[in-house]
Amino acid sequence: MTTARAAVARSQMVPNLRDVGGVRTGAGQVVRRGLLLRSAVPYASDSAPDEVAWPPTQVIDLRSADEAGPDHPLAAVAPDIVRISLLEALRPDGIQGADPQVRERMRTGGLAALYLGMLDLAHAEISEVVNRIASRPGPTLVHCAAGKDRTGVVVALVLRALDVPREAVVADYLQTQAAMPDVLRRLQVQTPLDPGHRVPPSYLELPVHAIEAVLDRWDDHDGGAAGWLQGVSGSADVLDRLRDRLLEPTTD
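Residue 4 is where the sequence shown starts when you use the numbering used here, and the numbers rise one by one after that.
If you are wondering where the hints come from, they were derived from the structure by calculation, not from laboratory data. The beta carbon of each residue, even a glycine, is placed where N, CA and C say it ideally should be. Be a bit skeptical, because a hint or two may be false.
As the list claims (entries may be wrong) - Computed beta-carbon distance windows for the label pairs: (1) ASP243 <-> PRO73: 29 to 39 Å; (2) ARG188 <-> GLY31: 35 to 45 Å; (3) ASP225 <-> PRO73: 41 to 51 Å; (4) PRO103 <-> ALA174: 32 to 42 Å; (5) ARG94 <-> PRO52: 33 to 43 Å; (6) ALA68 <-> ARG35: 31 to 41 Å; (7) HIS224 <-> GLY112: 12 to 22 Å.
Could you put the whole structure together from the sequences, leaning on the hints where they help?
As structure tokens, then:
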């Protein structure tokens, strides 16, 4: 396929789309395929590879209201669409109510600070996302704008709560790197950047230390990521529902 034809083919696909299933937990169970998808923001005209369940039954849009607009691109094909913003709690009015150490880290710490800020200030929203993943039938698509940061934190939590090893979680996060050229082309067409309000270049990268900071936070928690999720969700059965939903049954 020529370079031009390949670019056209990519442009017709949901950018940064992948099925999170197929990885194994520490105990050897397999995360089911076809149930949890992640991507950048889709277009209504997008298609998906044959091996990806499409269209999704449930779409969880992590973008803020000013990013998303009134109508979701998949409204005509996905029966259940919900927007759960992870950044609105991190805006100045939300940050001002946070612990001073959190405020300082958010001002100076780059993507690692953004990710940890989501855990500190948007944990209720993250919990709601995971509860919906655990509760709704059919394939669920989780996306933000690029499918990198907000989506990356949510998917990392789901995988670690299921006891998927750290290295597999990091590997999933880093898969977005290959998709970034297509993602950035799409985002620039959707919302051309005002030269005075460009995203810092570091925010377009996928620094391993940023996702590892999140994994460290969960590993330091009593009960690990599973314990953190139970603590913020207030639901005693969220882990059981998540495991029943996303893990292949054992053959014992």
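| field | Whether the CB-CB distance between ARG188 and GLY31 falls inside 35 to 45 Å | value | Between ARG188 and GLY31, where Cβ atoms are some 40 Å apart, the hint holds.
| field | Whether the CB-CB distance between ASP243 and PRO73 falls inside 29 to 39 Å | value | holds (37 Å)
| request: State, for the Cβ atoms of ASP225 and PRO73, whether the hinted interval 41 to 51 Å holds or is violated. | output: holds (42 Å)
| Does the Cβ-Cβ separation between ARG94 and PRO52 fall within 33 to 43 Å? | Given a distance of about 36 Å, which is inside 33 to 43 Å, the answer is holds.
| query | Honestly, do HIS224 and GLY112 meet the 12 to 22 Å range at C-beta? | reply | holds (20 Å)
| query | Could one say that the CB atoms of PRO103 and ALA174 fall in the range 32 to 42 Å? | reply | holds (35 Å)
| task | Hint says 31 to 41 Å; check whether the CB-CB distance for ALA68 and ARG35 agrees. | result | holds (32 Å)
Going through the hint list in order, the structure satisfies each hint without exception.
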